[in-house]
Each structure stands twice: as structure tokens, then as C-alpha cells.
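Chemist: Chain by chain, the residues run as shown.
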Amino acid sequence: MKRQIKTFSTLLIALMMMVTVLAACGSSNSDKEKSTGTDTSTDTKSTDTAADTGGEDKSADAGKPDTSKKVQLVWYLLGDAHKDTPKVVEEWNKMLEKDLNVTVKLNFTTWTDWTTKYNLLLASGEKIDMIFASSWADYYKFANQGAFMPLDDLLPTYAPETWKSVPEQDWKEATVNGKIFAVPATYPEYTPDGIVYREDWRKELNLPEIKDLNSIEAYLDGVKKAKNVTPINGKAYNEIFTMFKSYNNYQQIGGDSGVVVAKSYDTPRDIVAYPFTTEFEQWAHKMKEWKDKGFWKSDTLSDQKEAGDAIKTGQGAVYWRNAPGAGGYIMGLQTSNPDIEMGYFPFSRFNNLTMPTLSVNNAMAIPKSAPNPERSLMVLDKLRNDPKYYDLMNYGLEGTNYSVDTTDSKFIVSPPAGTPKDDKDHTAYGVASWGYRVESMERVKQAGGWPGFDALLEEFKSQSKPNIFAGVLMDYAPVKSQQAAVNSVIQQYGMPIMMGLVPDVDKAIANYRKQLEAAGVNDVMDYIKEQANKYFDSQGIN
Amino acid sequence: MKIKMEKTTIVFNAIGYVIITILAVLCLLPFLLIVSGSFTPEMEIVAQGFKLIPKQFSLDAYSAAFSSPKQILDGYKVTVLITLIGTMLGLFLTSMAGFVLSRKEFKYKDKLAFFIYFTTLFSGGLIPWYIMMVKYLDLKDSYLALLLPGLLSAWNIILMKNFMKSIPESITESAKIDGAGEFTIYLKLILPLSTPGLATIGLFMALGYWNEWFLANLFITTESKFPLQFLLYKILASAAVLKTNVAGNLSPDFQPPAETLKMAAAVIATGPIIFLYPFVQRFFVKGLTIGAVKG
Amino acid sequence: MKSMFQELNRNKVLFLMIAPALLFFIVFSYVPMVGVYYAFTRFSFDGGLFGSEFIGMKNFEFLFNSGVLWNLTKNTVLYNIAFILISNILQLLCAIFLSELPGKLFKKTTQSVMFLPFFVSFVLVGAFVFNLFNSDNGVINTVLQQLGMQPYDFYVHTAPWKYIIVFFHVWKGLGYGTVIYLAAIMSISDEYHEAAKIDGANIFQRVRHIIMPMLVPTFILLILLSLGGILKGQFDLFYQIIGNNGMLYNSTDIIDTYVYRSLAVNFDIGMGTAAGLYQSFFGFVLIITVNFIIRKVRSDYALF
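Chains as they are written, first to last, in numbering that gives the first Met the number 0: chain V, 0 to 541; chain H, 0 to 294; chain C, 0 to 303.
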């Protein structure tokens, strides 16, 4: 018996030792950093106070930020690191150590299952000092559920420059339940939906200029007949759905509100569930016509192909893009298919209306459990306002990742001048830095430098009206089961109707409406109306 | 009599060959398509779908996948290490547990079996498990996070118990009479006699570790610790995201990798394992085991 | 109590041997299981698990009030039954053939080849399926047209998908499951076969009277192991093959895909856990019942 136990234990111990070595290997790095982080060096006060604030003003009542303790922060950005990121972060940490006595471990969520990960990071209460936040990453929901730390009291002391420079309206959009929970990026953008289309074919076939729904239809028809291609070849749902919303001037409220919308920008309190409107019936019939004419394929809802890829192989003509995305696509096409000329039609032209994106479209927030929020804010402040920091983190190392544009020193050229054209090693440096972009500090042009974009931007600015819908706080808690059921109904019945795939449109619509009511769409609508009206009252909107 | 046996054997063989061949072809075909797809230029796939032999041959997908060879090498290193250690340790622990459960006289075997099986029925969900790993076990960014969760599984243990139960009791009886203790019986008798079972479970564990990416996704933040499959999934996920709304926010000169990249990724990740299987196969030889040990 | 200690002492070594496994499950499965409580709360980050507000069964409402629960459950159960039965039977057959057929090289190659689908991720399966069945240049429709027949619009009709889905599920697990049965066959002592041959049994008889009976425990075991998950589906399989095509949902939607869609817009921890609990509970009741029945029939086939 004893001998057995001995043999057993020896074997077990041997294997365990292997495992421990593995564990030790893995954690030795992080241990090293942790120890430097926690040692409290006391007598560096004199050098620090000179370096820390670098000549910024301090507000009268708060004391001087204390940087006597060396601290290691943990930050999370969305997306992937670039292969040069470790080098860049090393440089950044050198500067940070000197200026603020702090180092940052920069982590990335990668794009794999990022919503799950993002949820886990916040729900688990991990020690994170700053994390990317955004209205499209459920900023409002998380803020309302208490995932983030309120920043109102910390901002004036620890991020004074940012506090002063960010416009009042932006802070308002970041406010939830009376408190500010994130620092929005200062990068006003217009991202209306629209379609890119083959302009060269339009010219060739003498089709009318695209300026409204009829001309779009004429274009699709002409291309289909003459070129014998499926104009929207691939996933076509986004093209049609965004067109539908913009054409009817339907406004979603508080993010994605499903089928409940405000009937138009000018009548924000007229809130309906659009499947019950006559406009929807008309649209559904039209889409059936379009589908029968062959503008897209019958298996479009299962197709994973991007219509934009089909354009590149000459098998498609139209692709849904928002404005900056269109710029990126068109610029990309100039390298891959220089013989194709593309045009862009933004859907904002249906009703001559654009709204700027929310300030918290990209922002940085601090989770509730952060151990060093003050120091984090100080780093953010430096990052946003000091050109040395900004250029380093946004563009990389000068000489390696970019060089200054010789024609206009405000801009940079990437890859650096002098790189041979087919050098595959150089990929543009970029990380998910949108959370701390500041327009005035930017050194690259929007939309990938697409020349057509400047004119569009002017057009958008001229039609711009304040975004009164996105800020309505919706957490759907009292109606969440109805909302979930409604979502499912939309997917199952609404999408095929939208794509004209149903054999009998009227019957399908009747059924769709019945299903929606059974799922509780009226409860959801009442909830949204209530929240919206409350919000409009508080903002003084009629 | 001899002729009769041959006839039925011939019929049996005929049916057998036909069925197995059909199944094998059905299994091979898609894989061939993937391999050929990985060597095709992207645009050809978009235009014409998958084909057995590409019109044009291209290594683009592979050069995109290997754009950072150091990363791939690191990935291989991590994966191989974790697979080896995990499989060995896991096999050891699993076989011991299976052995215990297979011992007829052990009064608690059914209760413990239920205790283990129950874990497959109910789960608290992702969040509590994540909190356990990160907060209480402090496994964030550690190799152990990749190793530990896969060590044991109820499925494997119960399967192993099943294999062990088929070993005739006479063998263990006589050993006990000779005064051998439980652990010795396990080590010197049962293990050698369970080679098919060990090979099977070992194979499954190795495959499980090799294919693992989810754990890395959740817990590993240092690039050099990413296992192979995760690296490849990462590339695919970046491609997928760039096609969604989020893309509007990204730097417009991000070039999304493509269908062919998915396929090259599959080939790179699968390749080595395919060579493992024939190696493991030799444990599935009949009569290696029982016949040798006679009461 | 005293007898338990006696038992413990007598089997000290056995307990020690299984101790690491027990510890493992306690740490990684049982402790996190308290998270099931989320299903009854409205999650808030401040409160965490026990501080969040208790809301009873409210999280379950989206499942029960939707009116589709019956259809979803039916689909999930039927698909799983088809998966379990067809997979196991086919794997059993393959294992028998692979063990009895002559020709080592043939067997080795085919066995390795049958493993390949296991490595093909469902993402690729989805792409592959689309390539086969799409109305434009899908392989099937191209062949139909070449034979002079009308092309068939697969993605609009619900009928064929049951078979397509079952086929791909079976296809993917073929090699994997066959190995288990093969290993079980290998453990059958040669003595039995020799004795049978001497008695004049031909191969069909040997299969029927020796191999099959020896495989029954494994067969039942594998089925029992799968039963606990009867309401849980292969999410990836369905999601990648069907995608967002609402027209096919009636016959191909399972609980997992439904829940995923419902929570896609507004991810809710409480509701997600509630759905999981519903699935688990059902499976639990089922397996306890079936195991009980099997125990009565032949106690050593039972799982526990």
C-alpha cells in the first residue's frame, strides 16, 4: 500500500513539475512587471512634480496630481495589435515613465468574438484602468448598468486640457443618468449610408444620373439587362434596408430600435412600428418587383459574399457603404481594378438630411473596478493633446511606419517615402486608436484620402442637423422579453419581405403584423414612446 | 463448408468495400476542395466558386497567412507544447479516474460517476467560469489557462471506464490474490491492456488541445503566447469584421483577407495532425492485448 | 457514517486516484454552477452575482411567451435524435467493416480520410454548402441543368434542409465516432473469434453474435451520454449553414439559434442563462428517466 502511494505520488509529482515549469514560464514576464509596479518609491517627489504637469494649468481647488508612486496601468483597445505595436508601446512607455511615472500594458481584444470578450471583461470586474467604449459597443447600456466609473469629478483635475477642449455638446452625449462615463473622441464624422456603383457602366449605357429612387431603379434595370449581371450580387439586405429607412426618412431611436421608428426627422414624436404603415406596403411590393427583375439573387439571405467583391470580378455593380467606407473601397479599387470607375450616392440625398455621429461613437471609458483611474486619465490627456504622444500612438515610429509629407508637413505619408512599391512587409500601422482621436491633431485625411470626400463632407455639413435621436437612453428592461421576441420575428418574417422573397406580399405582410403583435411589439413601442418623450421634454424638442 | 464461408465473406467484403469507399470519398472531397481553394487566387473563387483544380495557381493566401512567420512559429511552439503536456497529464488523470469507476467492488463508483456526469448537464454559464479563472485562480495570460480546462472531461472519463470494464475480471482477481494493490493493478495490468482505449482518448485529447482557440481568445493577451488555431481564427475574425458596419470606423486601407485565406488557415492548422493519426493507428491492432495475459 | 470512513480507509488508494478529477470538477464546474442564479436576476455590474436584483422567472418570458417554443423544442429534439441515431449506427457499421475487411493499406487510408471532416470548421462547411446549393452557379443546380432538368431554388424551400443538415452533422463526426467503436471492437478477445470460426460461423454470424453484443454497451453508453444534451444544439452547424435566412427557420431553427438572434441586439446575461437553464433542465429530467429504465433492464449498462 505504502509503496503504491509512493509510486503514484512520484508520477504525479513529476507531471506536476512539468506543469509548474510551464506556468512559471508563462507568468515570469508579468511577475517582473508587477513587482516594479507595486514598489512605492518615496523620494522621487522633486523630479516628478517638475515633470508631471508640463506647464498645464491646474484648476484652483483640486490639488496637484500626485505622481510619486510608480504605477502600471492596464488598457484595453478593440481589435488587433500591429506587428510593430510592441516597439511603439515600448517607446510610449519610455516617454510615460519620464513624464508621468507610469507604464501601460496595452491589451487588445482581437476581433474574434469581441462582443463576448468585452462583456466578460466588464462583468468579471478585472482590474482594467481604461477601455475603449462606443455607442456601437453598447456604451449606454453598460453605463446605465454601472459598468463604468463616473468621471465628472476626476476630469477637471486629471485631464484638464481634454476637459477644456471637448465641446459641451459632446460631454452631454456622453452623459448617462446625469454623470459622464466616458471621454469621447473629438472627431466629428458623417457616416450616412449609401451605395457605391459602377459609374463607368452608367455612362456607357447612358443611364440617368443617380439622384433618387427612380434613377436607382433605372440603373439597376439597365445594368441587369445590358450587362447580364446581378447588380447586387451577394448579401443584399443592408443595401435595401438602409435605402428603405433613408428614403422614408425613418429615424431609429436610441440606437437600433428594431421596427419602431420616428416617422421623420421633423416629427420626432410621431413614433410608429413601420411594418404597419402604408409606406412599408408600397416598399414591399416594389422590392418584390425588383427581386423578380433579378436585381439580387433568391438566396441572398444565406449568401456570405460581399457585393463589393463581386464588383471586382465584373459580376456586380452596386455595394452598400457608408461615406468613409466608400472612400476606402474606392481607393482600394484604384489599385486592384484601375479600369473601373465608381460613383457614390449617399442616401442623405433622399431627404437632404445628415446627422453627425454621436460623440461617443468612439470613446474611452474607465471600468468601475479600475485601480488607478486618475493616472489613466492623465495618460489619456497627454495622448490626446501632446503631438509627440499622438503621432507615436496613432501613426507609429517615424521613419519605420511613416514619414512626413514633403508637400504639406501637416500630413504624413505611409509607408514612409522611399519604400519600394511592392515591398510587402510594410502594412500601414494602425491600432484601434479611434477612442482617442482628436480632429485637430490628425495628420491623415479622412476616408483614405479619397479626393471626392472633401466635397461630400461639405455637402454633409451643409445639411447637418443635430442628432436628437441617438441620445435617448434605452435599456428595454421592462420590455426585454418582448423585444427579444420581436427581434426574432423581424429576422424570420421581416427580412424575407424586405428582400421580396415571399410569394404573396400582402399575405406575408398580414402575417408579419400578426406575428409582431403576438410578440408584443405594442408594448415595446409604448416603452420607446415613453422614453423618447421624456428625453424630448428634457431637451426642449418638439 | 469452406466454400460457404468464403461466399459470405466475399459478400461481406464487397458490401464493406463499397460502403467504406463511398464514405471515404464523401469525406475526402470537401477537404480536397479546401486545399485547392487555398491555392486559388481570391477573385477566381468569388467569380466561380470552389473547384477541384484551380484555373490559376496562387500562393497569395499562404503568404498572407505567413505574413508574420515568427508569429506562426510561436503559435506552433505553444500549441505543440500544450498538446503534449496536456495530453500526457490528462490521459494519466483520466485513466486513473476511469479505472476507479470501473472497479466493481467499489461502493461509491456509481455515485461518483453521477457526480462527474452531472457537470455535463448544468452549467452556470460563461461569466462565472470566467470569473473563477481570472479572479480566483489568477490565470489571466498564463499557459495554465490553456492547459487546465482541457485536462479532464466527463465524457472522456466515462468512455475510459467503459473500455476498462471490458477487461476480464479474472486478471484483476488473480493479481489481487497475489497481493497487488490498486495502483499497481492500474499501472502494471490495466494500462497495458487498455491501449485501444488509451489511444482513442489520447487522440481525442490531443485533437482537443490542438484545435483549441477559445481559451486563448478569452485569456491570453501576450501575442507570443497565442496558440496556432487562435492565430488563424484571429485573421478570419478581422476579415469578418471589416465587412460590417464597424468597418466605417477603421482605417480605410485595411485590406480584408478573404475566402482563400480561410482555407489556407484550415490547411495550415490541420496539416500536422493528419500525420499524427496514422501514427496512433497502430494501437488499434487487434489481439495486441487480451490474448497475451492468460489466467 | 462509520461505514463511510471504513470504506474510505479500505479504498484509500482508489479515492486518492480519483481525487484530482474530483477536485477539477469542483473547481471548474461546480463552483461556477452558482452562476445559474443569474437566470433569476437582472444583472447589474455593481451588484455582481448576488447583488443583482432578483426578478423571479421574468428572464424566461421571452422563451415562453414567444409562441415558438414548442416548434423550437420539437426541432431541437428531432434533429438531435436523428443525429444521435444515424451517427451512431453509421459509425458502428464503419467500425465493423474497418475491423473485419482485409487490406491494411485500404483500411489505414480510409480511416485517416474519414477523419478529415472533423477538421473542417463549420464556417467552411457553410461556405461549401452554399457553393453546392445556391441557385446561381451551385454545383447541384449546374448538374441538374446539364441533365436538362429545372434548377431548384434550395434556399427558398424548407423541405430539403432537414436532410442536408443531418447529412453534414453525421459527415463531420464520422471518423471521430468510428474510432470509439473500433477501439471497443479491438478489446474483444481473439479467443471468441477463434472459437466461433471453429464452430463454423461465417462472417455475418460472427458479426451478429459476437461483435454486436460486445458493442451494445458502448452503443448505449454513447447514446446516454448524448441524451443529456438533447435540447442543446450544434449552434455552429445550424448558424453557418442557414445563416439569416428567415424563410428556412420553420424547419431548421433550434433553441440555440433562436436565443442567439433574440439576444444579438441586446445581450442580456439573465436571459441567456435562463435559456441555458431551460435546456439543461429538460436534458436532466430525460437522462434521469432513461438511466433509471436502463438500470432496471440491465444494471451494468446504466450510466450511473
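Keep in mind the hints are simulated off the structure, nothing from the lab.
Glycine residues also receive a C-beta, built at the ideal position from the N, C-alpha and C atoms.
Check each hint, because a few of them may be wrong.
What the hints assert, rightly or not - Computed beta-carbon distance windows for the label pairs:
#: 1; chain 1: H; residue 1: Ser57; chain 2: V; residue 2: Thr406; range: 50 to 60 angstroms
#: 2; chain 1: C; residue 1: Ile25; chain 2: H; residue 2: Leu31; range: 38 to 48 angstroms
#: 3; chain 1: V; residue 1: Lys387; chain 2: H; residue 2: Ser57; range: 37 to 47 angstroms
#: 4; chain 1: C; residue 1: Ala18; chain 2: H; residue 2: Glu172; range: 20 to 30 angstroms
#: 5; chain 1: V; residue 1: Lys387; chain 2: H; residue 2: Ile52; range: 50 to 60 angstroms
#: 6; chain 1: V; residue 1: Asp525; chain 2: C; residue 2: Ala18; range: 39 to 49 angstroms
#: 7; chain 1: H; residue 1: Val279; chain 2: C; residue 2: Ile80; range: 25 to 35 angstroms
#: 8; chain 1: H; residue 1: Leu25; chain 2: V; residue 2: Asp291; range: 36 to 46 angstroms
#: 9; chain 1: V; residue 1: Asp525; chain 2: C; residue 2: Phe53; range: 17 to 27 angstroms
Stated by the list, open to error - With a Cα cut of at most 20 angstroms, we get these calculated PhoX-like pairs of lysine-lysine:
#: 10; chain 1: V; residue 1: Lys226; chain 2: V; residue 2: Lys86
#: 11; chain 1: V; residue 1: Lys210; chain 2: V; residue 2: Lys285
#: 12; chain 1: H; residue 1: Lys187; chain 2: V; residue 2: Lys86
#: 13; chain 1: H; residue 1: Lys175; chain 2: C; residue 2: Lys11
#: 14; chain 1: H; residue 1: Lys103; chain 2: C; residue 2: Lys11
#: 15; chain 1: C; residue 1: Lys57; chain 2: H; residue 2: Lys106
#: 16; chain 1: C; residue 1: Lys196; chain 2: H; residue 2: Lys108
#: 17; chain 1: C; residue 1: Lys295; chain 2: H; residue 2: Lys187
#: 18; chain 1: H; residue 1: Lys110; chain 2: C; residue 2: Lys295
#: 19; chain 1: V; residue 1: Lys464; chain 2: V; residue 2: Lys444
Chemist: Take the hints in turn and mark each one as holding or not.
Modeler: Hint check:
1. For the hinted restraint 50 to 60 angstroms between H:Ser57 and V:Thr406, the CB-CB distance of approximately 37 angstroms leaves it violated.
2. Our hint of 38 to 48 angstroms for C:Ile25 and H:Leu31 holds, since their Cβ atoms are close to 46 angstroms apart.
3. Separated by about 43 angstroms at the C-beta atoms, V:Lys387 and H:Ser57 satisfy the suggested range of 37 to 47 angstroms.
4. Checking the proposed 20 to 30 angstroms range against C:Ala18 and H:Glu172 shows it holds: the Cβ atoms sit about 25 angstroms from each other.
5. For the hinted restraint 50 to 60 angstroms between V:Lys387 and H:Ile52, the CB-CB distance of approximately 55 angstroms keeps it satisfied.
6. Range check, V:Asp525 to C:Ala18: about 58 angstroms between beta-carbon atoms, so the 39 to 49 angstroms window is missed.
7. About 32 angstroms separates the C-beta atoms of H:Val279 and C:Ile80, a value consistent with the hinted range of 25 to 35 angstroms.
8. Checked against the given bound of 36 to 46 angstroms, the beta carbons of H:Leu25 and V:Asp291, roughly 37 angstroms apart, stay inside it.
9. Take V:Asp525 and C:Phe53: their Cβ atoms lie about 25 angstroms apart, and the range 17 to 27 angstroms holds.
10. As the CA atoms of V:Lys226 and V:Lys86 are separated by approximately 51 angstroms, the hinted pair breaks the 20 angstroms bound.
11. Proposed proximity of V:Lys210 and V:Lys285 is supported: the alpha carbons are some 18 angstroms apart, at most 20 angstroms.
12. A threshold of 20 angstroms between alpha carbons decides the hint, and for H:Lys187 with V:Lys86 the separation of about 54 angstroms lies outside it, so the pair is violated.
13. For the proposed pair H:Lys175 and C:Lys11, the alpha carbon gap of about 16 angstroms is at most 20 angstroms, so the pair holds.
14. Proposed proximity of H:Lys103 and C:Lys11 is supported: the alpha carbons are some 16 angstroms apart, at most 20 angstroms.
15. Proposed proximity of C:Lys57 and H:Lys106 is contradicted: the alpha carbons are some 43 angstroms apart, above 20 angstroms.
16. Simply put, C:Lys196 and H:Lys108 have alpha-carbon atoms about 37 angstroms apart, too far for the 20 angstroms limit, and the pair is violated.
17. A C-alpha spacing of about 35 angstroms is found between C:Lys295 and H:Lys187, which places the hinted pair above 20 angstroms, so the restraint is violated.
18. Only pairs whose Cα atoms come within 20 angstroms are accepted, and H:Lys110 paired with C:Lys295 is accepted, the gap being roughly 17 angstroms.
19. For a cut-off of 20 angstroms, the pair hint linking V:Lys464 to V:Lys444 is broken: about 24 angstroms separates their Cα positions.
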